[in-house]
Structures are given as structure tokens and as C-alpha cells.
Amino acid sequence: MSDPIYQGGCLCGQVRWRAGGEPANVRFCHCRLCQRAVGGPFFARAIFLESIFEWSGEVTRWATSPRVDRLSCARCGTPLFAEPKDAPARLGVSLATFDDRNAVQPTAHIWVSEKVAWLALDDGLPRHAQGFAPTSHPTEAPDPC
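At position 35 of the sequence shown the residue is numbered 35 (this note's numbering), and the sequence of numbers has no breaks.
Please note: incorrect hints may appear among the correct ones.
Straight-line C-alpha distance at most 20 Å; calculated EDC-like pairs for lysine to aspartate or glutamate [said to hold, decoys possible]:
| id | residue 1 | residue 2 |
| --- | --- | --- |
| 1 | K85 | D100 |
| 2 | K85 | D122 |
| 3 | K85 | D123 |
Using C-beta positions, here's what the derived DEER-type ranges look like [as the list claims (entries may be wrong)]:
| id | residue 1 | residue 2 | range |
| --- | --- | --- | --- |
| 4 | D3 | S65 | 27 to 35 Å |
| 5 | F132 | S51 | 18 to 26 Å |
| 6 | A89 | S65 | 26 to 34 Å |
| 7 | R61 | G124 | 33 to 41 Å |
| 8 | D122 | Q14 | 34 to 42 Å |
| 9 | E54 | A129 | 28 to 36 Å |
| 10 | L121 | A63 | 26 to 34 Å |
| 11 | R75 | Q105 | 15 to 23 Å |
| 12 | G57 | A117 | 16 to 24 Å |
| 13 | A120 | A89 | 18 to 26 Å |
Hints are computed from structural coordinates only; laboratory data are not their basis. Glycine included, every Cβ here is placed at the ideal spot set by N, Cα and C.
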């Protein structure tokens, strides 16, 4: 059985991406950095190893913290990726950019200590006050923010 292939892109179609395997993890991040970077109450994202990930099109990159670069479409501004500087072989991909928006399912909420008060979490997923620490294991992805 072959690994699944996930695909996605930005709103205008200028940036396209493809992942040739399973994400290392899929989580909702509620940290303040992610809230501001995506313009919403959380960043729903999948972490992929860059060895199975590719994209085409022009992106804009900026540092949102000493630990994370964010990448958006240079034309339409769609927030696409978060790249942790301490784990550059991994890339956080916005679930909103998947062609099949139900392709993967988040398994946890992180940084709920910074969650907006008006958002009820009633999905039964595990909740973590902060993120997970970086690890040297190649299939375990740290939380970028």
C-alpha cells in the first residue's frame, strides 16, 4: 500500500503544494502568535517532514518569532506554512489549504492556556496548556510556536 498524497494551495491558485506521506501530527494551536498570524482563534495545521513535501509558486516569508517563519502566497496573502527554525526539516501546513478539507483530522489542542475565552472546546480531543517540546526523533514533530 502506498503512502497517501495530499495536495492543496492558496486562494488564488498561484501556490500549490503536495505531500507524499502522512503528517507527523495534526493539531489545533491556540497560541497568541498563531492567532495573529492566521487572523483567527487558532491555527489548524498538519506537520509534514520536508523530505515528503514540495510546493511551487511565489511565497512571502517573514519571522513571526525568533523560532518560527511564516510563509504566505505572495499574490493573495493566504497563510500557508509555519516553518520552525529549530526543526527546519519540518513544515506546518494550514489545514484550510488542503484541497480535501477533511483529509486529515486534528488529534489535540495545544496552547489552550492562550485560547480565546469565547471558544468552547467540546470535541473530546486532548488539551495541552502549552505545546510539545522539540525532539530529535525524525517522525516526532515539535510544535512550531
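Results for each hint:
1. K85 - D100: 28 Å, violated
2. K85 - D122: 33 Å, violated
3. K85 - D123: Judged against 20 Å, a Cα distance of about 31 Å means the pair is violated.
4. D3 - S65: 27 to 35 Å: Holds, since D3 and S65 (Cβ atoms, about 31 Å apart) stay within the stated range.
5. F132 - S51: 18 to 26 Å: 21 Å, holds
6. A89 - S65: 26 to 34 Å: This hint is violated: roughly 19 Å between Cβ atoms.
7. R61 - G124: 33 to 41 Å: Holds - the Cβ-Cβ distance for R61 and G124, about 36 Å, lies within 33 to 41 Å.
8. D122 - Q14: 34 to 42 Å: Given a distance of about 37 Å, which is inside 34 to 42 Å, the answer is holds.
9. E54 - A129: 28 to 36 Å: 35 Å, holds
10. L121 - A63: 26 to 34 Å: 29 Å, holds
11. R75 - Q105: 15 to 23 Å: 30 Å, violated
12. G57 - A117: 16 to 24 Å: 37 Å, violated
13. A120 - A89: 18 to 26 Å: Check failed, 36 Å falls outside 18 to 26 Å.
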